[in-house]
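Chain A is fixed; fit chain B onto it per the hints.
Below are the chains, spelled out letter by letter.
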Amino acid sequence: MKALKQIFGSNLQQYTMVLALVALAVVFHVISGGRMLTPSNLQNLVSGNAYVLILAIGMVMVIVIGQIDLSVGSVAGFTGMMVALTAVDYNLHWLVAVGLGLLLGLAIGAWHGFWLSKVGIPGFITTLAGMMIFRGLVIWVSKSISVAAPSELQFYGSGYLPEWGPAFTQMNNSTLLLGILGCAFFIVSELRRRSRLVRRGHEAPLWASLVRIALIVGVIGYLTYLFGTGRPGTSFPVPGVILLVLVVIYHIITERTRFGRHIYAVGGNKAAAALSGVNTQRTYFLVMLNMSFLAALAGILFLGRSTAAGPGDGTNWELDAIAAVFIGGAAVSGGIGTVVGSVIGGLVMAVLNSGLMLMGVGADKTQVIKGLVLLAAVAFDVYNKQQGRPSIIGRITQNFGKKDPQSTDAPAVDAGPVVTAEDTMPNTGIPTSTN
Amino acid sequence: MSNDGHIILEMANITKVFPGVKALDGVTMKVRRGDVHAICGENGAGKSTLMKVLSGVYPHGTYTGDILFEGRTMNFNNIKSSEQEGIVIIHQELALIPELSVTENIFLGEEVTKGGLIDWGEARSRALELLARVGLDINPDTAIKKLGVGQQQLVEIAKALNKNVKLLILDEPTAALNEDDSANLLDLMRGLQGKGITQIMISHKLNEIAAVSDAVTVIRDGRTVETYDVVAGQVDEDRIIRAMVGRSIENRYPDHESNPGEVLFEVENWTVEHPDLPGRLTSKSASFTVRAGEIVGFAGLMGAGRTELARSLFGRSYGIHRGGRMMLEGREITPKNVSQAIDAGLAYVTEDRKVLGLNLLDTIKTTITSANLKNIVKRGLLDLEKETEVANGYRDDLRIKTPSVDVGVATLSGGNQQKVVLAKWMYTQPKVLILDEPTRGIDVGAKYEIYKLIQALADQGKAVIVISSELPEVLGICDRIYTICEGRITGCLAAGEADQETLMRRMTTTVGQPNEAIPA
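Residue numbers (numbering that gives the first Met the number 0), protein chains in the order written: chain A, 0 to 434; chain B, 0 to 519.
Next comes chain B alone, as it looks inside the complex:
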């Protein structure tokens, strides 16, 4: 298979230095024409920096090393110049304009003109063609904001196809997609491969890499660790993990024996209506229980209403309450806003750290105390000394890697940010912790630490609810799992008795079996 004549891209000895930091240190990689080439590495390993070098975001001259594309040395000065050569990058955060239509977005910057004016008729018919190529059957006049994330991702690819792409770079393409959309996208990638488009995929999801890759390059600390050919479908995930973290992780989920006590948190017939769409229920008569010291998983596809359920429980911060009650330690509680929910002993860690969970202007210590400022008030004023003490305590306990708690949270890595967020909610002394996608966007090593933290919280006798889209994660750390589909709880299984297939079946059925298999 390896024949250098078929190499479309070669990056040799790429070194990129930021002030005080070597982000890339002599990275070398070759990509064969027509391959799907996966790049793996922990957060901060240098994957995205490498792709920014390749696509001209970091212009020629700001790095050292050579880029050979189709045999010629490339000196890109900006994205435009790399796109002219047929290298198109699709970023993790989609770069579509929500208010504009699909057609307008596809041709943004490449408008179809006739006599200086935009030829909308021509643009529209070309858009239809491109949409057909990515298997998207929608009206090209639809505004982007009306599309789901999966469809938006496809529009991005259609936009790339319009640029006569030869090398398509996908940065975490499925990060925001649900299982169906992800599978769809992987199919499309295979299809594009069949049409001769070379692709580089950056991904954390090893199963996806395993499914589509022809070659894998692992980067760690700005260096290429290894690069080798694989056969799609037969990738050794453990080998990738070993190379990524530089050590072998025997078990991705720490061993843990839970000792559930009495039922601590109980929700009955919880019904919530969508805030903007009257009549549409996001939670339909949901009932569940969590014991003290128990880790309960909420498994469901994206859009199943897991986050909506959690937020509606958390001081009705989502939707319109339409019935149901909530009991904590046997007593009914009725928190009507977030602050009452915190006082009652609930904590909710959001799925979207940067948008909903953190004030990126804050320092570590101000973040940690932000949900429980009451606790550091002395004679009406904030006791800043106590604040520092509290923050230092959590820094040591949770091993937040930082020289000082006065550092801004924006400078931390995803894993450390998540620890700060967890510290913030631990400081509210909650009885019930709802963790929404607690390991999203953080790498394997940090995930392990977060899991251990979650288990430690359960061991303190807290009721822990983990919402996750990753079934192995739910199976790996939860004691009991509820499946949710379209706002309805469709099943409850002990983790020991469940596997991915049984969960998936219940996550995709709206027929409830609420009384089944609830362990005593």
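Bound conformation, chain A alone:
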């Protein structure tokens, strides 16, 4: 058990989420008679969910600041429609149309941000209004008729990476390159991390690093193989590449920048953040701005995938994005949630969708099951936090760390909502408080 702890270290939580996702996929693979983990199914899964996952990236930031954005589906539909209209009706170059679409997203974000941060109307109301306004506008400007999308967008919405290079690899070389880059990045960062730890005098056995590298390289290698050996002409989908790039960028923004810290500070305790010099209004504004920008991007990618913009595009996307964020471990009260967690939460939903479909379960029942899964995941989280115990993920990881009472990861990770803190703190007389 200690060995597992050493392998996964303080990132155990996220590794566990990935493991849960892998387990879910494998279970469906077995039940569906080997149809889950196939190149074409995975390719579809990625390009068919990329836009919701992009929304989840923005949504987790909104939820961390303690707000919610109900308008993203309408905004995505509206910007997609406007791109199609400007490109087709006004004969604009598709790139110009896309640029205008993204600007439109920013403008809408500024609109929401203004009402939230300057006027002080809660995000729920602001974006509920936005949801109606922009849904209405889609129907209005399109006159309820679908509009064909610029064909160049198809590459971005559902296209594949180019074929090139030697044929002896027997797979798509772009995908292979991507896989190799991913492995190399992980190996380098793992070794650097280890050398830093060693330099600071921490215990960091080499074998643990090697096992981690082997595991991750194994997973990336297998996925590379699956994505790279589909029908000729297919590869890891382009929207998936865009998603990966966004995940990396937003992971860095939320974890490694002042702005990211400010988001968590505002969500955790707005008054304390303000008295620490955080410009809370600006933080609110930028997060809403960013959300609508990503919604516009998602709408444009979807436009590329569906080849035409319809008046109903984007309906209920906000709900999928919100579900992904909460399955990914975010707290309704704000302050807690990660980009990577939310994307994994979204992938859990996607795998569930795909697996149930492969098993021939109808859309009606799928909807019911997804709802129950969301409820169960969050209920488990809430229950455990009320009991002062780790969240669902912490629960699984708890057993790994059992033999290591000095381990400090667990309490740090699940400090949980304020309620927990109050209840377990000095008042109850637990002598962990060292005074």
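Where hints are given, some of them may not hold.
[Unchecked claim] DEER-style ranges, computed between Cβ atoms:
(1) B:I137 to A:W139: 37 to 45 Å
(2) A:G200 to B:L67: 32 to 40 Å
(3) B:V354 to A:G220: 45 to 53 Å
(4) A:A362 to B:Q83: 49 to 57 Å
(5) B:G147 to A:A362: 56 to 64 Å
(6) B:D458 to A:S332: 52 to 60 Å
(7) A:V381 to B:G329: 52 to 60 Å
(8) B:V376 to A:L102: 24 to 32 Å
(9) A:Y382 to B:R330: 51 to 59 Å
[What the hints assert, rightly or not] Residues from chain A shown here face chain B by an in silico Cβ test under 7 Å; the list is partial:
(10) V95
(11) P149
(12) Q153
(13) P161
(14) P165
(15) G200
(16) R255
(17) R257
(18) R260
(19) A271
(20) S275
(21) G276
These are computed hints drawn from the structure, not numbers from a lab.
A virtual CB, placed ideally from N, CA and C, is assigned to each residue, including glycine.
Below, chain B without anything else, positioned relative to chain A:
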């Protein structure tokens, strides 16, 4: 006096275990009918846990040991069941609903009904009766949020009286009250005692314990250290302190010789208007100076405008600025928001750690760097390694007791949380530190350490302002003391020349003597 026939409550061998931790370890205590029984102990000693066991918050079966109330063994399953026996607890954080009226709050859960509907007329007249019993002369239709904390506390007691209380438990009843309200409450407690209501009081304030208690039980580390009868008014405070901390604290305030230098921070005619009440000034032409290396106290009753003054100085984070200037090292500074104030070299440690000072979701290290993230940015990204280094440095310097700086601040005790908050502001490299009630809610031992920290900061040449409601504290650690009353600075005294009476006199007069006795 001690006659077992008069014992109303006996708790025998109470042991309560939380996962991995024994919070109570065989606590035994007896309470005589009609007494005010004080329970003392440091934070984390187990006082509140014991009261939660007694009031059924921790139901029977989750602890071991026996509770005998009026001679019968009690097995409470929830608060309701203990209240039916006449045991009512009033928590530190008041449990009133701000939007509802006094009447509605008093009868919440015990509504006066007639034919299934609430009989508001009857409820109101009964509320009036109860309010009279606690000496509160207010309209029972007033919303709770319009009352002061002192009045709210009395409403809580009225609510308890409605439940035919036999044993009233008051958990830190005066923690949020000013001196007047506290005195009032202690009077009321004596009055209730006269009517035969037994009371258990948990308090940190030894002078209050001394004033009203008939018996004292001291708890340390989940065990009863001692329990003995006292005569109200003649309590040996030092004996309690010795028992609480398990060692004798010779001096509650560390010895310190300040070496004030030049005037570092100067405020002239600072005037601030209330943010919501136009025309009402929370600071009226306040002028004061602080020298480098000097610890200056701001003494005033609650509501005198001390916090408002401090926050208005700190980047105008309170009220509307209506005039006055601020000089740092001889140059005028005009910070218009908190971030500019931090950059200028000001730091403000709030009086309310949990509500305004901390993000309880944060870890120790993220809290410490949170007001000066700029300092750990390398090439546009946060240098997380440096963050850990910085936090570890403060952990060692301030002796923050924690296995790791990755631990959540919510898991720390009050004293350690306060050290983390101090570390956070020390990391902003301030020239002027304003500490608002820096030792509120932390126990004697930790207070001593905080005082030493404050003195160390002054010795580094910083200008330190300490706002405190506890006069002994102000007298004990400050070099010079300004008194504030209703937003006006009403006096300035060298600590050596001041005593509690002179301070109190100036804290309660609005006639200013601003030029008096300012030492050279």
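Using the C-beta atoms of V376 of chain B and L102 of chain A, is the stated range 24 to 32 Å upheld?
Holds, since V376 of chain B and L102 of chain A (Cβ atoms, about 30 Å apart) stay within the stated range.
Just tell me: holds or violated, for the beta carbon distance of I137 of chain B and W139 of chain A against 37 to 45 Å?
violated (57 Å)
I want to verify a distance hint. Is the separation of the beta carbons of V354 of chain B and G220 of chain A within 45 to 53 Å?
Holds, since V354 of chain B and G220 of chain A (Cβ atoms, about 51 Å apart) stay within the stated range.
Given P161 of chain A was flagged as interface, is its beta-carbon under 7 Å from a beta-carbon of chain B?
violated (33 Å)
Go through the hint on P165 of chain A and say holds or violated, using the shortest Cβ distance to chain B against 7 Å.
violated (38 Å)
With 51 to 59 Å as the target window, see if Y382 of chain A and R330 of chain B comply at their CB atoms.
At 57 Å between Cβs, range holds.
Per the hint of 49 to 57 Å, is the separation of the Cβ atoms of A362 of chain A and Q83 of chain B within bounds?
Taking Cβ atoms as reference, A362 of chain A and Q83 of chain B lie about 54 Å apart, which means the hint holds.
With 32 to 40 Å as the target window, see if G200 of chain A and L67 of chain B comply at their CB atoms.
violated (56 Å)
Interface restraint verdict for S275 of chain A against chain B (beta-carbon cut-off 7 Å)
It holds, given that the least Cβ distance between S275 of chain A and chain B is near 4 Å, below 7 Å.
Beta-carbon spacing of V381 of chain A to G329 of chain B - inside the hinted bounds 52 to 60 Å or not
Cβ of V381 of chain A to Cβ of G329 of chain B: about 56 Å, so the range 52 to 60 Å holds.
Hint check: 7 Å Cβ-Cβ cutoff, G276 of chain A to chain B:
Check passed: Cβ of G276 of chain A comes within 4 Å of chain B, closer than 7 Å.
Does Q153 of chain A pass the interface hint, meaning its C-beta sits closer than 7 Å to a C-beta of chain B?
Hint violated; Q153 of chain A Cβ to chain B Cβ min 36 Å, cut 7 Å.
Taken one by one, the earlier hints fail for this structure at numbers 1, 2, 6, 10, 11, 12, 13, 14 and 15, listed in ascending order.
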